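J.: Sequence:
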Amino acid sequence: MDTPGNPPRVVHHTTESPAGGKYLESVASYLIKVAAEPHLIYCPVTDRIGQFGSLAHSARALRNDGSRRTNREGLVCIQIEVLGRAATPWTDDWDPMRKPGWQKILAAIRSWGVPDSWPAGPPPKYPGGSAPRSRSTWQSKGGHFGHSHVPGNDHGDPGAIDTGKILLATSGDPDGDEQGAGVTPLPRVSLARVVAAAKKDPSGPDGGLTHPADVRPVEKALVAEGLLERRYADGSFGTKTVTAYAAWQRSKAGGSYSGRAADGVPGRDSLTRLGKKHGFTVIA
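For the sequence shown, full-length UniProt numbering assigns the number 1 to the initial residue and increments by one for each residue that follows.
Please keep in mind that the hints were generated in silico from the structure rather than gathered at the bench. The structure presented is a predicted model; accordingly, all values stated were derived computationally and were not measured. Take these hints with a grain of salt, some might be off.
Stated by the list, open to error - Okay, derived cross-link-like pairs now, DSBU-like style, lysine-lysine, Cα gap no bigger than 30 angstroms in a straight line:
no., residue 1, residue 2
1, Lys-141, Lys-22
2, Lys-141, Lys-199
3, Lys-141, Lys-200
4, Lys-125, Lys-141
5, Lys-125, Lys-200
6, Lys-104, Lys-141
7, Lys-277, Lys-252
8, Lys-240, Lys-200
9, Lys-240, Lys-276
10, Lys-141, Lys-99
11, Lys-200, Lys-99
12, Lys-252, Lys-220
13, Lys-22, Lys-99
14, Lys-277, Lys-199
15, Lys-252, Lys-199
16, Lys-165, Lys-252
17, Lys-22, Lys-104
18, Lys-165, Lys-141
19, Lys-199, Lys-125
20, Lys-252, Lys-240
21, Lys-99, Lys-199
22, Lys-252, Lys-141
23, Lys-22, Lys-33
24, Lys-165, Lys-199
25, Lys-240, Lys-165
26, Lys-240, Lys-125
27, Lys-277, Lys-104
28, Lys-125, Lys-99
29, Lys-199, Lys-220
30, Lys-125, Lys-104
31, Lys-104, Lys-276
32, Lys-200, Lys-220
33, Lys-104, Lys-240
34, Lys-22, Lys-165
35, Lys-277, Lys-240
36, Lys-240, Lys-220
37, Lys-276, Lys-141
38, Lys-125, Lys-165
39, Lys-200, Lys-165
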């Protein structure tokens, strides 16, 4: 990726084709033929998924914005083509709670720390709608975008999809037969991203937002510990959060660290202790 220090994001496309049947295979073959592959292709009728490559690598479904390679923006830029048409939103009459395939996609997206937000707003209806293609929003904000939001591009997909449904995750059996039969995975917090945020955010304007999806569970835990005021739990690992985390490091529960080992920049041990106590898993 060209800008791995920028937040992770997802771009939603529609194939402008029918769904169901064998359309997943035929459209996937076409996208390969024209060198416009996303990472994933999804059929909302059959709940089937196809994958073209690693989510950690660049897709090819966006046009460049001048010299800026939009396919390579952010830590990841996960692109999903959904079988359907922008003029008739594919989320109509679609229940994500009964779609285990979509739930797998959502879990994969969240594992990369993509926030459950739409920084440019919900995708507009098509035709007849319009959305700003803000370069500053695209480059600086993580979350979910429509193709219609991406600068340097002129497509109107995915249309007015239901953004709430897109992010709705099941915590039980996808068929809904046994309440509580499923297990909701704990949020995953990247140590590397939290450390990067702790070093970069305090010097940012009005509190930088380097990796808000990873920082928020940490701040929520610090609030629960009584070390951080709730109003400062905003996804920015600013000076207040650094001070609060240093207090956690010095505490017995946090490892009884002192000196440079309690400087407010998370270490694996103290972060793991916080995660075990407040419900998140620490990854690299």
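J.: Determine for every hint whether it applies to the structure shown.
T.: Here's how the hints hold up against the structure:
In summary, the hint linking Lys-141 to Lys-22 is not supported, as the alpha carbons are separated by about 36 angstroms, beyond the 30 angstroms threshold. The hinted pair formed by Lys-141 and Lys-199 meets the criterion: a straight-line CA distance of about 19 angstroms does not exceed 30 angstroms. Between the alpha carbons of Lys-141 and Lys-200 the distance comes to roughly 16 angstroms, so the proposed pair stays at or under 30 angstroms and holds. A distance of roughly 22 angstroms separates the Cα atoms of Lys-125 and Lys-141; the hinted pair therefore holds under the 30 angstroms criterion.
For the proposed pair Lys-125 and Lys-200, the alpha carbon gap of about 38 angstroms is over 30 angstroms, so the pair is violated. Annotation: proposed proximity of Lys-104 to Lys-141 holds, straight-line Cα distance about 24 angstroms (limit 30 angstroms). A threshold of 30 angstroms between alpha carbons decides the hint, and for Lys-277 with Lys-252 the separation of about 13 angstroms falls inside it, so the pair holds. With a CA separation close to 14 angstroms, the supplied pair Lys-240 and Lys-200 stays within the 30 angstroms bound.
Our distance criterion of 30 angstroms between C-alpha atoms is met by Lys-240 and Lys-276, whose separation comes to about 22 angstroms. This hinted pair checks out: Lys-141 and Lys-99 have alpha carbons roughly 28 angstroms apart, not beyond 30 angstroms. Note on Lys-200 and Lys-99: the hinted pairing is violated, with a Cα-Cα distance of about 39 angstroms set against a maximum of 30 angstroms. The straight-line distance between the Cα atoms of Lys-252 and Lys-220 is roughly 19 angstroms, inside the 30 angstroms bound, and the hint therefore holds.
Distance restraint check for Lys-22 and Lys-99: the Cα-Cα separation of roughly 18 angstroms lies within the 30 angstroms cut-off, and the hinted pair is therefore satisfied. Between the alpha carbons of Lys-277 and Lys-199 the distance comes to roughly 24 angstroms, so the proposed pair stays at or under 30 angstroms and holds. Of the supplied pair hints, the one linking Lys-252 and Lys-199 holds, its CA atoms being roughly 24 angstroms apart against a limit of 30 angstroms. Restraint check for Lys-165 and Lys-252: not satisfied, since their Cα atoms lie roughly 42 angstroms apart, outside the 30 angstroms limit.
Restraint check for Lys-22 and Lys-104: the C-alpha separation of about 21 angstroms stays at or below 30 angstroms, so the hint holds. This hinted pair checks out: Lys-165 and Lys-141 have alpha carbons roughly 21 angstroms apart, not beyond 30 angstroms. Between Lys-199 and Lys-125 the CA atoms are separated by roughly 41 angstroms; this puts the pair beyond 30 angstroms, and the hint is violated. In summary, the hint linking Lys-252 to Lys-240 is supported, as the alpha carbons are separated by about 20 angstroms, within the 30 angstroms threshold.
Simply put, Lys-99 and Lys-199 have alpha-carbon atoms about 40 angstroms apart, too far for the 30 angstroms limit, and the pair is violated. Restraint check: the Cα-Cα separation between Lys-252 and Lys-141 comes to about 36 angstroms, which exceeds 30 angstroms; the hinted pair is violated. Proximity of Lys-22 to Lys-33 is assessed by CA-CA distance (about 17 angstroms); at most 30 angstroms being required, the pair is judged to hold. For a cut-off of 30 angstroms, the pair hint linking Lys-165 to Lys-199 is broken: about 35 angstroms separates their Cα positions.
For the hint pairing Lys-240 with Lys-165, the CA-to-CA distance comes to about 35 angstroms; that exceeds 30 angstroms, so the pair is violated. Distance restraint check for Lys-240 and Lys-125: the Cα-Cα separation of roughly 41 angstroms exceeds the 30 angstroms cut-off, and the hinted pair is therefore not satisfied. With a CA separation close to 27 angstroms, the supplied pair Lys-277 and Lys-104 stays within the 30 angstroms bound. A hinted pair counts as satisfied when its Cα atoms are at most 30 angstroms apart, and Lys-125 with Lys-99 qualifies at roughly 24 angstroms.
For a cut-off of 30 angstroms, the pair hint linking Lys-199 to Lys-220 stands: about 19 angstroms separates their Cα positions. With a C-alpha separation of about 27 angstroms, the suggested pairing of Lys-125 with Lys-104 holds against the 30 angstroms cut-off. Proposed proximity of Lys-104 and Lys-276 is supported: the alpha carbons are some 24 angstroms apart, at most 30 angstroms. For the given pair, Lys-200 sits about 20 angstroms from Lys-220 by alpha-carbon distance, which is consistent with the 30 angstroms threshold.
For the proposed pair Lys-104 and Lys-240, the alpha carbon gap of about 36 angstroms is over 30 angstroms, so the pair is violated. For the suggested pair Lys-22 and Lys-165, the alpha carbons sit about 25 angstroms apart, so the restraint of at most 30 angstroms is met. For the given pair, Lys-277 sits about 21 angstroms from Lys-240 by alpha-carbon distance, which is consistent with the 30 angstroms threshold. Of the supplied pair hints, the one linking Lys-240 and Lys-220 holds, its CA atoms being roughly 13 angstroms apart against a limit of 30 angstroms.
Simply put, Lys-276 and Lys-141 have alpha-carbon atoms about 29 angstroms apart, close enough for the 30 angstroms limit, and the pair holds. For the hint linking Lys-125 to Lys-165, the alpha-carbon distance of about 16 angstroms falls within 30 angstroms, and the restraint holds. Pair hint Lys-200 plus Lys-165 does not hold up; C-alpha atoms about 34 angstroms apart against a cutoff of 30 angstroms.
Consistency with the previously given hints fails for numbers 1, 5, 11, 16, 19, 21, 22, 24, 25, 26, 33, 39, ordered from lowest to highest.
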